[in-house]
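Single-letter residue listing:
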Amino acid sequence: DAGVIQSPRHEVTEMGQEVTLRCKPISGHDYLFWYRQTMMRGLELLIYFNNNVPIDDSGMPEDRFSAKMPNASFSTLKIQPSEPRDSAVYFCATKRSAGRLISGNTIYFGEGSWLTVV
Amino acid sequence: TQLLEQSPQFLSIQEGENLTVYCNSSSVFSSLQWYRQEPGEGPVLLVTVVTGGEVKKLKRLTFQFGDARKDSSLHITAAQPGDTGLYLCAGAPQGGSEKLVFGKGMKLTVNP
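Chains as they are written, first to last, in this note's numbering: chain E, 1 to 118; chain P, 1 to 112.
Watch out, some of these pointers could steer you wrong.
[As the list claims (entries may be wrong)] List time: in silico PhoX-like cross-link candidates among lysine-lysine, alpha-carbon distance up to 25 angstroms:
1. LYS24(E) / LYS68(E)
2. LYS78(E) / LYS68(E)
3. LYS104(P) / LYS70(P)
4. LYS56(P) / LYS104(P)
5. LYS99(P) / LYS70(P)
6. LYS56(P) / LYS70(P)
7. LYS99(P) / LYS68(E)
8. LYS24(E) / LYS99(P)
9. LYS78(E) / LYS99(P)
The hints are simulated quantities; they were obtained by calculation from the structure and are not laboratory data.
Whenever a hint applies, use it, and build me the whole structure from the sequences.
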């Protein structure tokens with residue numbers, strides 16, 4: 001299996017520019033999560049989808065952030081306009097429905113997109 | 001808001017030493033997971049504990065879930081340089097929510 005694939009791996013952009021991060025989930029996984037990781041706040045859940053439908057976006061910091069999942073094979077996280085405080089590592093993670101097996105609740109993370117806004 | 005506090009936050013030890021990492025909360029979780037994250041990579045799941053008091057072993061790593069399902073510990077015996085990384089605990093809230101709560105992690109460095 002190819003794992004969760006994220007792009008770009010690194011991006012440096014100027015304040016005010018639009019940033020689009022991309023994610024290809026593991027085939028057959030029906031949950032997709034977008035996380036942000038910083039030294040100060042650790043890993044924070046931004047939004048998650050189930051069967052391509054956004055379920056909970058309460059972690060999205062503000063209206064500058066938006067996420068879409070047009071199909072089961074692709075998701076984007078967009079920041080417009082970007083600000084220096086958005087600098088972080090953004091992770092996409094996916095999992096298959098665990099059903100009643102709590103112990104089967106394994107989430108697979110991508111390698112992350114390292115964003116620097118200057 | 002549910003929080004998971006990890007301690008210590010940083011630890012630098014010599015190869016062969018033992019260590020314990022703690023993950024504490026005032027909230028009850030239906031399950032708790034431990035991840036290891038290496039530089040430049042995403043977190044990788046090590047173990048999931050579900051039952052209060054449960055102990056799981058993974059080679060030199062021993063994981064324990066507190067009786068009240070509010071806390072957990074990770075003990076590493078005879079640490080190796082390959083154990084270096086960021087260790088994260090994550091709790092699954094009761095009620096079936098998919099929103100895992102992550103601790104900030106414990107950064108471990110094992111020196112040869």
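Hint-by-hint comparison with the structure:
no. : hint                 : verdict
1   : LYS24(E) / LYS68(E)  : holds (12 angstroms)
2   : LYS78(E) / LYS68(E)  : holds (8 angstroms)
3   : LYS104(P) / LYS70(P) : holds (16 angstroms)
4   : LYS56(P) / LYS104(P) : holds (22 angstroms)
5   : LYS99(P) / LYS70(P)  : holds (16 angstroms)
6   : LYS56(P) / LYS70(P)  : holds (17 angstroms)
7   : LYS99(P) / LYS68(E)  : holds (18 angstroms)
8   : LYS24(E) / LYS99(P)  : holds (20 angstroms)
9   : LYS78(E) / LYS99(P)  : holds (21 angstroms)
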